[in-house]
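Residue numbers (this note's numbering), protein chains in the order written: chain Y, 935 to 1305; chain P, 123 to 964; chain D, 50 to 278.
Read the hints as simulated data drawn from the structure, not as lab findings.
Quick caveat, the model's predicted, so the values are computed rather than measured.
Note that the Cβ used here is the ideal one computed from N, Cα and C, for glycine as well.
There could be a bad hint or two in this list.
With beta-carbon atoms standing in for the labels, derived distance ranges [stated by the list, open to error]:
| id | chain 1 | residue 1 | chain 2 | residue 2 | range |
| --- | --- | --- | --- | --- | --- |
| 1 | D | D108 | P | F947 | 26 to 32 Å |
| 2 | D | R89 | P | R519 | 43 to 49 Å |
| 3 | Y | N1060 | P | E348 | 31 to 37 Å |
| 4 | P | F947 | D | A228 | 44 to 50 Å |
If you want a taste of the chain P side facing chain Y, the calculated C-beta under 7 Å gives, among others [to be verified]:
| id | residue |
| --- | --- |
| 5 | T199 |
| 6 | F236 |
| 7 | G259 |
| 8 | Q321 |
| 9 | E322 |
Calculated lysine to any residue pairs in the SDA-like style (CA-CA distance at most 25 Å, straight line) [as the list claims (entries may be wrong)]:
| id | chain 1 | residue 1 | chain 2 | residue 2 |
| --- | --- | --- | --- | --- |
| 10 | D | K109 | P | R954 |
| 11 | P | K479 | P | I833 |
| 12 | P | K879 | D | I145 |
| 13 | D | K229 | D | K241 |
| 14 | P | K698 | P | I732 |
| 15 | P | K821 | P | I926 |
| 16 | D | K109 | P | A960 |
| 17 | P | K879 | D | T125 |
| 18 | D | K162 | P | L874 |
| 19 | P | K261 | Y | C1034 |
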Amino acid sequence: MRYPEVILLCLALIFPALFVGGCAPPEDTDRIDIARALSDARDIDCYDTVTGPKPLVFPKDAGPHENFRTEWWYYTGNLTTGQGRHFGYQLTFFRQALSCDPVTGASQWRTRQLYFAHFALTDTRNKAFHAASRMNRQSLGIAGSRVQPFTVWVDNWQVKKTESHLVLNAVSDDITLSLTLKQKKPRILQGDRGFSRKGPGTGNASFYFSLPRLHTQGTITVGETRFQVTGNSWFDHEWSTTVLGDDVQGWDWFSAHLDDGRDLMVCRIRKANGTANGFGFGSISFADGSYVILSETDFTLTPKARWKSPDTGNRYPVQWQIRIPEHDLDLSVTPVMDNQEHTHTFAYWEGAMRFSGPGVQGMGYLEMTGY
Amino acid sequence: MGNRPLIRFCLRHSRRHLVRTLLLVFGIAMGVAGVVAIDIAKTSVGKSFELSTRALVSRSTHQIAGTGLEIPQQVFTDIRTDLGIHRSAPVISRHVKVSELGDRILTLLGVDPFSETHFRNLHLSPGEQDLSGVMTGSKGVFISRSHARQYNLDIGSPLHIFLGSRKTAVTIAGFLDSENSATGRMLEGLVVTDISLAQEILEMEDHITRIDLILDQDAAAEKIREHLGEGLFLVETDQQNTAVRGLSYSFETSLTAFSMLALFMGIFLIYNTVSFSVTRRHRLHGILRAIGATRANIFFTVMAEVMVYAVIGSVFGVLLGILLGKGAVQAVVATVSEMYFTLTVSQTHISGFTIAKGLLAGILAAFVSGFFPALSAAGTRPVSLMHRTVSEKGFNRLVPGLFICGLFILAAAALLMRTATPHAGYDFTALFMIFFGSALLTPLLIRVIVRVLLSAGMGSLGMMVKMALRNITRSLRQTSVLMASLMVVTSVFIGIEVMTGSFRLSIIQWVDDHIGGDIHVSSTDPLTQSLDTDLVEKIRQLPRVESLSAYNIHPVFSRASGKVHLFSYRSDQSVKRWSWTAAPKEELDALLENGWIFVSEIFAQRHHVIPRQGAAVTLETQKGPVPFQVAGIFQDFFMGGGRAVVSPETMARFWGHDDITSLQLFLASDTPAEPVMETIRQMLDPEDMIEIRSGNAIKQSILAVFDNTFIITSALQALTAIVALTGILNAVMALLLERTREIGILRACGTLTGQVKQLLLHECFFYGLISGIMAIPLGTALSWVLIHIINQRSFGWTYEMVLIPGVFFQAIALSSAAALAAGIFPALAAGRTHIPTALHME
Amino acid sequence: MDIQISNIDKSFDDSGSRRVIFRRASALLPSGKISVIMGRSGVGKSSLLNLISGIDLPDKGFIQVGDHCISFMNDTARTIFRRRHIGFIYQFFNLIPVLTVLENVTLIAELDKVPQKTCRRQAQTLLEQAGLWDRRHDFPETLSGGEQQRVAIVRALVNEPDLVLADEPTGNLDQETGAKIMEMIATLARKKNKTLIMVTHSPDAAAWADQIFSVDSGILTPMDSDTNG
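Isolated chain Y (complex conformation) (with noise of 0.2 Å):
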């Protein structure tokens, strides 16, 4: 799960905020609160809701599905040099609906899509952390998405299909990302049947599904140098138009891939006063594909050590431990570094992470928001 699609609500509002100048991230606009865009609903009943689970058909589904209001296509990954240097990169794709209603005017600029992407690079030996964000509409090829060949792009960030395997390339400022991804697992319908339940309420779910397990290979280039880099890559693709219901402060999101070739997958959802909502979800992909689908009493999750924003001022627990008794897991996760923040304009923290336990070791990725 990523998103709330609530906080894209907030994007439509930063609309006007694009109007301020200057370089993003704008000066002045405060840093979007969930509890504030909550407080404005929209129109929202032309749109297709998640009410109950669908059967997923590909590689149809793998493409937009423009009635819902949100989506995302979400690639993380880490990757290590021939010498061991360590890199993580996550590169997302975001579709906004502006409007169920069909778009009307003449102009091929108008349109009801919104796409944005997010892309970030953790340098772990350089103790750095590269953020970058594009937003434009679905006019003109500038942003989109399609089924056959798939793709999904905002201007030159693309992630396209191709024969045997995924392409992805990232350019921005001085940091430039080419790599191949190639499915070494089976697909996960993430809940029931890739029904992913969220919250209480009708329409408090999501289409999911993830791959796992992508094995990643291509150049990373920070500045003029250029590195050769393998790893390993999660891609999750969800969609909806009302997933959370009230009272959703964010989540904790882990992916984990371990290496005695299990691919692990636990969310929980946080209320106002801090404490889970009852519908956190997981998931445990096994070395020979086949997978089990988590509920919130399967896992703990439990935070340890904070760490204070120096831009935003959020304490984030930035070292955890998690626990699935069921499956012998007692990780200690803990971040490659501290400050992986994004601060555009909205603040949360997604960062590389290492895992560890008692006979098993492995890399992911961790997302916290809300705080």
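Got chain Y; can you put chains P and D on it based on the hints?
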């Protein structure tokens, strides 16, 4: 002897003669006001340009533009996705009229908000706005909050956007606002929309106006250039802005020339006043010298007094100039908008620099003009040695020498103007030298003219006339100064009058030649300018239509001047006047067909076309940049970046235009135009946006535009008239009040009061007459300079100088009237002379 | 013509203070005689000439010149009277610098619109007598002091005035020249039987007087030249 008591005394003396002192202050004030007002107008144009135009492309370093002033929008996709240039923004921009905002011309700016973060500061007022549907289909636009307040408009209020006579209805979705007042003013020139709505309003289909880019490496620019197809090109924003801005520089320079004239007038005025004040105090200075004041004391005292009033006058002048400047801004901005580039924001900009310039000009002028009188005052001999005739004798000896000096200076001025590198500074210096040199000629000229008048029998008109004339030569040192000033001022009057008169005649001639048709038909829809060919045929076949000139006009992009207008004629009935042509008419037609082009004088100037065999210019076409041979340069008053005439084949081949946008109909002689116009109107549908105008109507509207351009110069003429009057008022009063003794004698001898008044008025009349006579050659020379040097260098036009004798009579009448008016008060005073006092009897 | 001065008052306001020149002064200056007015400097001698000629008016009382009550005439009338009947000779000559000798002399006649020929004839006669006919086209500044005064005298007499007023006529000349001038004035006056009133403090000039008056304390007192003789 300390200076302070002297200064105090002089100030007190001045306070007693308040009127004279006020005139001195007034003179300085007027000169400074002229300089300040014009400077304000100029800097305001610059500032308005910044706010109207430059600010819109503030941070972009480059732009992608097309020959037809639009580009396919696909280019933007390529820039973003293929070339990966992130700091790029698509822009649609056009000037439109908004009726609810007082029929203002504003820039319709269609932008993509996601691209804008790097480029423009288009702040939205937080809070009230209706952003729903801005991208998905609404017709919401954003205007500045101050305009909304001014016209009582709110979110949701309808607006009507006019492009030509094409009307589109939109609504207000939000307000543009800024805390920064400069940004706020800039926003007033805009109607901002999402790029989709702008594209729909302007019916641009799949085109946009341009793409703005921020490139920090030449490599990126190269990459783009390689990628762009024909008809598209990359320009540097700064260069483009400078090119467009430069269109009006020359106009502004000519304004400065005129303001310099105002300052010259001020200088003469001050010189007059100070010099006569010194003369009045002659006896006083003599006494001071006798009792122990050194030359330096006297010099310093005179200068100090002048400077005190110079400062006061300059301050007043600055204040007055600010007032006048505000009015001047309106006129100048309107003119520039009409002639060069549309200014959507008009900003009166009063910079500290302008004020400093004005103060400095006033003080310097006062110093320069007070210097020589102060010197002469310092040279006063102690009172016991005073004999006025002695100094007159000395001066008389100098007169021939002054004349020769003057001739040399005039020659030098002529050389300066003819230099190979024209420069505004040289021109002004030369102008000043012309005035100064002419002034030096005046004593000898006056002597000669008086002699001629006397021998021609003027003396037989009576003793008073004879005496009046003789008085002039007798006090030549003073009267020549007065008459030189009056001559200069009158010559300015003549110069400007001849310049504007000649110009007007040339315009009328040009309009007759180029726009000679009886009826004009053209489209008022800027989005579909072509006339339907069937309509054209039908019109051609109308019974009273003798001949038809069909042509098209299309604006295309130019690197040198932003925009040029291309014309191609199906049949050219216009008569062109050439400033250079390589061939006679038949050959010219053949050359046109061979792909050669003709260009206007302004075009030639802007694009550096040098008249000689093989002159060529490269224009951006749909097939990329193409060199064209220039067959000739024609005289033209069309504004903006210039005009070029090409053959219809060339127009179609290189710019893809194969249409007719305008018709000129020539009716059989004596056919009234109105019925034919009515017939044509019947041929049209009611929604057709086609305009039918009579040739006269068009001529009048064109003349009106040009008349506006000379509002400033007319104002300057009025200024010179005022300065003329006040300038010599003081001098005449001083001069005539010195005749007190003589008047006493005459009265004692039995001259009636009336006769004495006559004497003074005769003298004044001759001042005016002689000055006017001398002003004629100077004024003619000045108008030549204004037309052939200053105007030509400023606007790039050439036109004939036409001398109308009426102007000369007007000028002589002006100078005589001014002199007579100046003499009224002294004449009245003379009538009231107390004879004994006058005769120093007691 | 007789000059009758009756009870005149005259005072000047001299920057704040009042200076009384005449108070209830009366005198009779006989016709055809040379009367000399004497007195201290600044006492009002020149003012008297101004009053007699009508250039100035008394504050009280009146002056009669011949049959004309000059004090009651308006400015124009006085001016014309002055033009036709009075000749004035000044200490500082007071010639018009821009006019030639001849023009200076004929100025008044021309003002009076007397035909050119007549003017010239009169002028010629007198100028020849004064020995300045050859210099008739010269400007005053080229003449010596004595020559200028001679021109002034011619100017005063050319119109055949009945009354000649002279204010320190030799004051600006050296003794020898002055004597000659005085002789000229007196001779011409006597010859034509004109009334000559002269202000002077030169005893040589006063010697020509038929009658002497002194101005003192605001009144005019005749002094008996014979008794002083």
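A quick look at each hint next to the structure:
Take D108(D) and F947(P): their Cβ atoms lie about 29 Å apart, and the range 26 to 32 Å holds. Between R89(D) and R519(P) the Cβ separation comes to about 45 Å, which falls inside the hinted range of 43 to 49 Å. Evaluation of the 31 to 37 Å hint for N1060(Y) and E348(P) yields a pass: the beta carbon distance comes to about 35 Å. In this structure the hint that F947(P) and A228(D) lie 44 to 50 Å apart at CB holds, the actual value being about 46 Å.
For T199(P), the interface hint holds, since its Cβ comes within 7 Å of a Cβ in chain Y; the closest pair sits about 5 Å apart. For F236(P), the interface hint holds, the least distance from its beta-carbon to any beta-carbon of chain Y being 5 Å, beneath 7 Å. For G259(P), the shortest C-beta to C-beta distance to chain Y is roughly 3 Å, which falls under 7 Å, so the interface hint holds. Hint on Q321(P) holds. Least Cβ distance to chain Y is approximately 4 Å, under the 7 Å limit.
The restraint placing E322(P) at the interface with chain Y holds, with a minimum CB-CB distance near 5 Å, inside the 7 Å limit. For the hint pairing K109(D) with R954(P), the CA-to-CA distance comes to about 21 Å; that is within 25 Å, so the pair holds. Distance check on the hinted pair: K479(P) and I833(P) sit about 24 Å apart at the alpha-carbon level, within 25 Å; holds. For a cut-off of 25 Å, the pair hint linking K879(P) to I145(D) stands: about 16 Å separates their Cα positions.
Under the criterion of a C-alpha separation no larger than 25 Å, the hint pairing K229(D) with K241(D) is consistent with the structure, at around 18 Å. For the suggested pair K698(P) and I732(P), the alpha carbons sit about 19 Å apart, so the restraint of at most 25 Å is met. In summary, the hint linking K821(P) to I926(P) is supported, as the alpha carbons are separated by about 23 Å, within the 25 Å threshold. For the hint pairing K109(D) with A960(P), the CA-to-CA distance comes to about 23 Å; that is within 25 Å, so the pair holds.
Between the alpha carbons of K879(P) and T125(D) the distance comes to roughly 14 Å, so the proposed pair stays at or under 25 Å and holds. Using a Cα cut-off of 25 Å, the hinted pair K162(D) and L874(P) holds, with the two alpha carbons roughly 13 Å apart. The hinted pair formed by K261(P) and C1034(Y) meets the criterion: a straight-line CA distance of about 18 Å does not exceed 25 Å.
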